[in-house]
Amino acid sequence: MTGLDYIVKRVLFALVTVFAAVTLNFVLFRAIPGDAVQALRCQHCTVKFKNSLRQELGLDKSKWEQYKLYLQDLAHGDLGKSVRSQRSVWDELWPSIKNTMPMIALGYVFSIVLGTIVGVVSAWRRGTIVDKAGLWTGLGFYSMPPQWLGLMIVLFLAGAVGLPTSGIKDPTLGILGDASTWDLIVDRLRHMVLPALTIGLVLYGEYALIVRSAMLETLGEDYVLTARAKGLSAWATVWRHGFRNALLPVVTLGALSLGYIIGGFITVEYVFSYPGIGLAIVESIDQRDFPVLQGAFLLLAISVIFFNLIADLLYFRLDPRVRA
Amino acid sequence: MTTAIEAVDAAESPVEVRPGLLRSKVLRQPQTIVGLSVIAICVAVAILSPVIAPHPKQQVGPVFAPPGGEHLLGTDGGGADMVKLLVAGTRVSLMVGFAAAIVSALIGGAIGLASGFFGGKTDTVLMRFTDYVIVIPDVPLMIVAAALFGRSLTNIILIIGVIYWTTTARLIRAQVKSVRERVYVKRARALGAGNSRLVGKHILPQVAPLLIANTVLLVAYAIFAETFITFLGLGDPSLISWGRLIENAFTDDALLNDAWWAIVPPGVCVAVVVLACTMVGQAMEESLNPRLSVGHLSPRRFRVRPVPPAREP
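Just so you know, the protein sequences line up as chains A and B, in that order. Numbering follows our numbering, in which position 184 of the first sequence is assigned residue number 184; successive positions increment by one, without gaps. Numbering follows our numbering, in which position 299 of the second sequence is assigned residue number 299; successive positions increment by one, without gaps.
Chain B with its partners taken away, still in its complex shape (with noise of 0.2 Å):
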């Protein structure tokens, strides 16, 4: 018995990790290789950003002043230089995006190990629990709980973490689900390995390849999420992210100002960003899942999904 969601959800079709294989077959992908190069100069600014952009806030020159000269893409609505600017965003958007991720992976790593390793009336109440939150919106429930848990870096990385585990913790659970039932991992539990052996030794190395994929997926949708949180004014006054950018250009007129300069880098920092992130999950979790290669986007994220295993004839 299916229900729509689980139809779309297929990606809890269990694959077979050998060593190496992401390597060999991931990185030889033009795709990965755009996507991989972007993420690494992107934490290369990130990391550098104290350094090449100190004092981002800096008034340096009029009000929007257009691009051209001493300011590369201009001012924005405060005097101070967009690349600059774009460059400290870097940093703080990354950490979103990477920190939320890592906390959706744990979560959902976490309840889909759980899930998928103990089964029984754990997996029921474990996924029933799961189902829930999947059909709550994420959205609009990440809003709420920003305006009312205060405007912090660290209670926005927890929000949109604790929100996004839900398709990480299924796909984890199917994983580890077929991996239990593997002849040798029987073989070491009738041998007399422990829970923590088996797990440890045997599940976690066929799982981790597909939490890393997913949480490569997961970092878009953050940093994503945090543009929306930031855009409504809730994210942290002190800090300048690729979000808050489009938010001071929108709240301080650059429409009005036609000042594009101000409001076009950072749309396209994050979409490109998102963009990378796509391509290297996506062609991870497919080379790790071949019948994922002819794949449609979810209905709740961007992220290619794979259609419905084809029936045995």
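The shape of chain A in the complex, shown without the other chains (with noise of 0.2 Å):
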């Protein structure tokens, strides 16, 4: 099988799953008895005003007719709109997610060096205690539920180093005086910390599993040991000859496992009260606004299948391989 032939068939793929997924969607939000207008929680809005609000949202036609105005509105990048504020899904979620990706690229960089450097080193000294700590404590975070993890950073550390646990912004900043662009960074920074290290934490030991297996792997490599004949000190073994080629299911697996930190932030992101696409989705739950929670199910699903793909070609092009 060629390489353009490979390509075509993980994108078109992507594209069912896509498809399923939207139209999973569709189903799940329509199966539940009565119907979005009805689901809100709103009290003094009349029965006028909820028909309307239904005619609005197409919810009087049948079934077949919303599925296809669903699709047709998808199509145009149309997510629907807020049951609540009648403004577009769309513009409720894009602040959310614009405030979510940093944070979580902080988490994913976070888990990615610590887990290379424990895995690394684990492997290196493997069976003896290093080996056993590191990767223990690794199966130790990954066993603990991350909103609980999160709290525990709040309750122990978060006091010690002085770093803010709720919200994105520090609100007296810019009032008592003026802040330059620098200060406002760094308020911002400071932040995401917390919330990245718990992911962070809580995603590492992966990462370490991953990268010792693929490191013992390839040091019982026989050009591992012709390096290490001909003189080379076993750092520059390690280095030169066992990490890079121990990246490879970093690599990939780093694409597959956003897909993961996509479930656990959401939680995450609720203790420390930080404005992102997880706490939207606590709070469409809690007022109950079906299309916003819709919405962002559909870009976390097409997201998780987006870096699927992303991880499909990487793994294609990194591994000579798959192409046999």
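Keep in mind that the hints were calculated from the coordinates and are not lab data. By construction, the Cβ of each residue, glycine as well, lies at the ideal position given by its N, Cα and C atoms. Some clues are possibly wrong.
Unchecked claim - Derived contacts from chain B toward chain A, CB cut-off under 10 Å, selection only: (1) I39; (2) L141; (3) F228; (4) G233; (5) V273.
Join these two chains into a complex; the hints should help.
This is the structure in structure tokens:
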């Protein structure tokens, strides 16, 4: 199979999966008893208002018509309208997405760096106490519910390091005198550190194990032995011949595990009141604003499918064995 | 032609099951003994919880009373005894864990069995379907489903069970596929054994240990998943689970009251049980499949997965 064939096949698979996710999304939200308007938490909404809302959202049409409308709207990039604020779902979610992305990126980098270091050291010193301690700590963090780990960090760490535990911005900043752009950036970063640390800690064990097993595999290869035999230092062998070849699974699994992060960060954002897409999901559940929930879920599903596609393509690019 | 997911999912390498293998290899490992003891203690506590801790939610002291004296772990935001709450929580958390794992194992086992046994079109359709389900992010899907379908224990069990079957299906399919091709199965078929006899007598016994190992791992994910759903306020409002205690501590501002005793214990319980189930399930899978002994965690779940099988020279 040629490269083009492979790419076309994976892209097609991704597109069909997106379509499946869209349909699932539609079916799920239409399978509930009543409808989105009835579910809305609103005490002083009159029946007349609710009916007009229904008409506006197209809920008075047949299910099949609704499905066609939903697909049509999506094709035009329209995710629907929030029942609560009447704004478009995209406008409601976009600011949250912008807040979430840098925080997740930070947590992600944190987990990869920590996981790689622990994994390399564990493989290098395999069987020793260092190896076991590194792996068990990672497995331990992996077994903790992320929201609880977040609470632990707020409880025991936040006070000691003096970092903010909620929100995204210091409310007093800019009121007591001018704040420079630099101050704003630093403030923003300070608010991101703890939620990102939580995500990073939960995930690093996974990378540590992946890197460790990949390292063990490459360190057993003949060319590593040759490198040692020709007099290279242990460090140079591990770094140049072991680590670089062990990076392959890290890259591909890195892209795949973004999907897992996307699940975990919802509760973490809630704990830290970090106004990202996770908090938007929590709020939309609270208000029973189903169109927003539906839009958020679809965006998450699409981003996971996208990163899976990236993982497949990276895997193809990096590992020539796939092409055989 | 492999994709990245398939390379990670090389758990699909089939294994030979000898009778007595589990007992002889698994029970000797210290991690299994520790894990099994933890699970056994928790199950005992869960069964006895109505006796040990009747009326767990009853107010017995001041709000957020520190540990010590009459209340070993202090009280929560409602003035209820933390130890009693934890005991009651064990029951619900384990119930969700085991029930959801069984639902998953049944669905995944059935799909894997059908797919591996019948092969051909059935296999293609079922595995395609599984591939789609795998890619859809599970935790957000569970949260959405829980938000839509209401807050009862049954719903939560079904939601978790119906979403977590994919890895089981693939694992069982591979195993069934390999068993089906073995000589004794072919001979039984040639002698005129029907499908139900083949499956019941020859294939299921070879698949069952793997399915059990996988179910133990599923218990861990299910307990974990319940804490997510409950933390967002989507749990059954009348029941106490570990996830619920974490949520209660958070919403009752245990943090502002510096009441660490209301937050720390439920999370520790979840982590310990999840770790115990992971250790046992992993040890079982490893003994069934020696290739797993150098393993790594999968990207989606906290379970150890094998590295792709080494190529034959």
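Evaluated hints:
{"no.": "1", "hint": "I39", "verdict": "14 Å, violated"}
{"no.": "2", "hint": "L141", "verdict": "7 Å, holds"}
{"no.": "3", "hint": "F228", "verdict": "6 Å, holds"}
{"no.": "4", "hint": "G233", "verdict": "7 Å, holds"}
{"no.": "5", "hint": "V273", "verdict": "9 Å, holds"}
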